[in-house]
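Below, each chain spelled out in residue letters.
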Amino acid sequence: MGRYFSLSAASLLLASGSAGAQSVASTQSALEPAGAEAQQVAMLFWVMLSGGAVLWLGVVGLLLHAALVNRRRLAEKSASRVILWGGVVFPSVTLCALLAYALWLMPGLRPFAQASPAALRIEVTGKQFWWDVVYHPAQGPPVASANEIRLPVGERVELTLKSADVIHSFWIPPLGGKMDMIPGRSNRLSIMATKPGIFRGPCAEYCGTSHALMAFSAVAMAPEAFRSWLAVQAIPAEGAGASGGALFLRHGCGSCHSVAGTDARGLIGPDLSHVGSRATVAAGILPNTEDAVARFIARPDLIKPGSSMPAFDMLPPDDIRAIAAWLRGLR
Amino acid sequence: MRLVPKQIETLWTLFTAPVVWAAHFLVCYIGAAIYCAKPELVELSFSAVRAGIAAATVIALSLIALSAWLAWQQWGFGTDDPPHDDPTRRDRTLFQGFATLLLSGLSFIAVIFTALPALFLTECIR
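Same order as they appear, the protein sequences are chains A and B. At position 299 of the first sequence the residue is numbered 299 (our numbering), and the sequence of numbers has no breaks. At position 13 of the second sequence the residue is numbered 344 (our numbering), and the sequence of numbers has no breaks.
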C-alpha cells in the first residue's frame, strides 16, 4: 500500500514536471540516434529487422504456397534437398553473415583503444539510486557533479563506468550503447554526440526498489558552451540567500552532501555544488523547482522508496523552504 | 591400419564432435580472458592470441571433419534413409552414425561462430 502510494505520488510529480516550463529530459529512443555510436547501433537494428522480416515473409510465403497453391506431395528426394538447403545451408550462411556484420561493427564502437587518451573523460559511478559524476578534463582539476552528464557535441568522450553497491547499467539510448556498471570493475564506453539536445538516460539493470526512479539527463551542447559551463562548475557557486546555507549546515546535510566552497563535504549523497543548474533533481525524476526540492527533503522515502536519505519532515517547514531556495540558487 | 574398428559399439563416438566444440570454446574464451586480464604473464601480442585461436580452430574443425567422415562411414555412406528404428544391430549402428553426422555438422558451425570474433577484434578492448 505504502509503496503503491509513493510510486503514484512520484509519477504525479513527474507528470506535473513535464507539463511545466522546466525542461525535463524525455528523449529516450535508440531509434532517433544523436550520436556516432548510437547511429551504428540503430543501423544494426534496422539491418537485423530487415533480415528478420525478409526471412519471416519467405517462411510464411512458403507455408501459404504449400498449403494453398501447390498441395502436391514432394518426392522424398526433393524434400530432403529442400530441408538440406533451406533448413541447414541457408540459415547457417545467413546467420554467419549477420553475426559477421555485428562483429565487424564492434571495433568502431570502441574507438578509444586506438586514439590517444580522450580529451574528456567522465567517471560515472552508479549508486542506489543515483549517479555520481566526475569530469576529468585534459587540463585542470576534476569537477564533481551528479545525476546529469554534459557532453560537447562533435567530440569523443570516454566514460569510465563503476558501481558502488550492486550492478547498474548505464545507457543513453540516443547517444550510444548500453554498458553495465559492475562493483569492483571499471568499464569503458565511448560516446560522441552529433546533435545538441537533452536526452534521458535510465538505469538499465534492475538494482533495487527504486530502480525505475533512477535516471539522469544527458545534455549535449556546443563545445564552447560546454567549456564555459565546465569552467563555472569548477568554482564554487555564489549562492543566494545565505540563511539557507547556514540551515543546510546546521541540520547536518553536509555530513552526506558536498557543496563546494562550504563546510559541507559529505560523500554519501549526490554532490550539490551546482544543483540549481540541473534540469532535474532526485536522479532524473523531479523537475528542478523549489517546491519539488522541499518535498524531497521532507519525505524522500515517499518519492524514492529505499533511498538512503532519511526524511527531514521534523524540521520546521520554513527551514526546509529556505534550504530548498538556497539549493536552487546554487548555479 | 584402421583408425577405428569397423564395428563401433561405443556411444563415445557420438560425443566426439560436441566434446571438440566444448574444448575449442574453452580454449578460446579462457585463453583470451587470461591474456586480457593478465597481459604481463606472457610476452605476446594480441595477434599471437588471434593466431592461437586460428590454430585451435583449424585443429578443432579437422577433428570434427574426421568425426563426420567416420560417422558417414558408419551410416553406410547414406545408402539407407532414416528413420533407423528397427530393433536390429544394423539399424542401431546406422542410427548412431546418422546422429553423429548431424552432431558433427552442428559442432562444425558452432566452432566457426565461436572463432568468428577473433577475426574482427584486434585488441583486448575492441
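Derived from the structure by calculation, the hints contain no laboratory data. Heads up, a few of these hints could be off.
Sample of chain A residues at the chain B side, in silico, Cβ under 10 Å [as the list claims (entries may be wrong)]:
1) SER80
2) VAL82
3) GLY86
4) LEU95
5) CYS96
6) LEU99
7) ALA100
8) LEU105
Label pairs and their calculated CB-CB ranges [to be verified]:
9) ILE443(B) - ILE268(A): 49 to 55 Å
10) PRO141(A) - LEU372(B): 47 to 53 Å
11) VAL389(B) - GLY58(A): 45 to 51 Å
12) LEU95(A) - GLY362(B): 34 to 40 Å
Below, in silico cross-link-like pairs of lysine-lysine (DSSO-like), each with a Cα-Cα straight-line distance of 30 Å or less [claimed, not checked]:
13) LYS178(A) - LYS162(A)
14) LYS162(A) - LYS195(A)
15) LYS178(A) - LYS369(B)
16) LYS369(B) - LYS162(A)
17) LYS178(A) - LYS195(A)
All C-beta atoms in this analysis are idealised placements derived from N, C-alpha and C, irrespective of residue type, glycine included.
Against the structure, the hints come out as follows:
no., hint, in the structure
1, SER80, "holds, 8 Å"
2, VAL82, "violated, 15 Å"
3, GLY86, "violated, 15 Å"
4, LEU95, "holds, 8 Å"
5, CYS96, "holds, 7 Å"
6, LEU99, "holds, 6 Å"
7, ALA100, "holds, 6 Å"
8, LEU105, "holds, 9 Å"
9, ILE443(B) - ILE268(A): 49 to 55 Å, "holds, 51 Å"
10, PRO141(A) - LEU372(B): 47 to 53 Å, "violated, 36 Å"
11, VAL389(B) - GLY58(A): 45 to 51 Å, "violated, 34 Å"
12, LEU95(A) - GLY362(B): 34 to 40 Å, "violated, 25 Å"
13, LYS178(A) - LYS162(A), "holds, 13 Å"
14, LYS162(A) - LYS195(A), "holds, 27 Å"
15, LYS178(A) - LYS369(B), "holds, 26 Å"
16, LYS369(B) - LYS162(A), "holds, 20 Å"
17, LYS178(A) - LYS195(A), "holds, 19 Å"
The structure fails to meet hints 2, 3, 10, 11, 12 from the earlier list, while all remaining hints are met.
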